[in-house]
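**Student:** Those protein sequence lines, which keep their order, are chains U and Y.
Heads up: the first sequence at position 60 corresponds to 60 in this note's numbering, and the numbers run straight through without jumps.
Just so we're on the same page, this note's numbering is the position in the second sequence counted from 1, plus 1000.
In short, the hints are calculated from the structure, not lab data.
Here a beta-carbon is modelled for each residue, glycine too, at the ideal position from N, C-alpha and C.
Be aware that a few hints might be false.
Calculated lysine to aspartate or glutamate pairs in the DMTMM-like style (CA-CA distance at most 25 Å, straight line) [unchecked claim]:
hint : chain 1 : residue 1 : chain 2 : residue 2
1    : Y       : K1069     : U       : D99
2    : Y       : K1042     : U       : D99
3    : U       : K27       : Y       : E1045
4    : Y       : K1105     : U       : E57
Per the computed footprint, the stretches of chain U lying under chain Y, defined by three or more beta-carbons under 8 Å from a beta-carbon of chain Y, are [what the hints assert, rightly or not]:
hint : segment
5    : 27-41
6    : 102-109
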Amino acid sequence: NAGVMQNPRHLVRRRGQEARLRCSPMKGHSHVYWYRQLPEEGLKFMVYLQKENIIDESGMPKERFSAEFPKEGPSILRIQQVVRGDSAAYFCASSPLVDNEQFFGPGTRLTVL
Amino acid sequence: ILNVEQSPQSLHVQEGDSTNFTCSFPSSNFYALHWYRWETAKSPEALFVMTLNGDEKKKGRISATLNTKEGYSYLYIKGSQPEDSATYLCAFNTAISNYKLTFGKGTLLTVNP
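Chain U extracted, bound-state conformation (with noise of 0.2 Å):
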């Protein structure tokens, strides 16, 4: 059983423009979470999705930021006209059920130049 995958592993934007990081979870799970860490920060909750639909987005920056978890495919984090203050690594986790374990993919490390 293949863990949980993220893609990009880097992403190198310019400010102004759009980031998507995808996220598939482990086989089988239906929840998805997204964290992401800043500099000299520990992880921090952004988002908690299950298959279309946003349970807790209580994390996120209220512009710019939008996250989707389809039917078919993966889970998009999308992140619009992208600034300095957004270069982190985001990271994705998984669980079959909403009070399980959570199985975390590598990351994706944001840079804005």
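Starting from the known structure of chain U, arrange chain Y on it as the hints suggest.
**Tutor:** For chain Y alone, kept in the frame of chain U given last:
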């Protein structure tokens, strides 16, 4: 604001030494405490999920204890090996939002041969 504090921030030990780290968390509305092992450029790997006060868990040379009343957990590594070098993350979740992990900044362990 729910904070998780981990200490020490970093630790250097010699091969064969035993060591331990501390994780402090708010004791109210406690649901579960998680320990992860995280090597650079890899996915954080779950070590333990602990829910009961007084819980003790063991995996090989690594063990953990939990005190939910006073809000702390200890992670012990017996006879450290160079391959134990990693960042050890602690996270907890509350009964109110049992899907949302709140992480500490981690303890970076370096084991010198």
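**Student:** Sort out which numbered hints this structure fails and list those numbers smallest first.
**Tutor:** none
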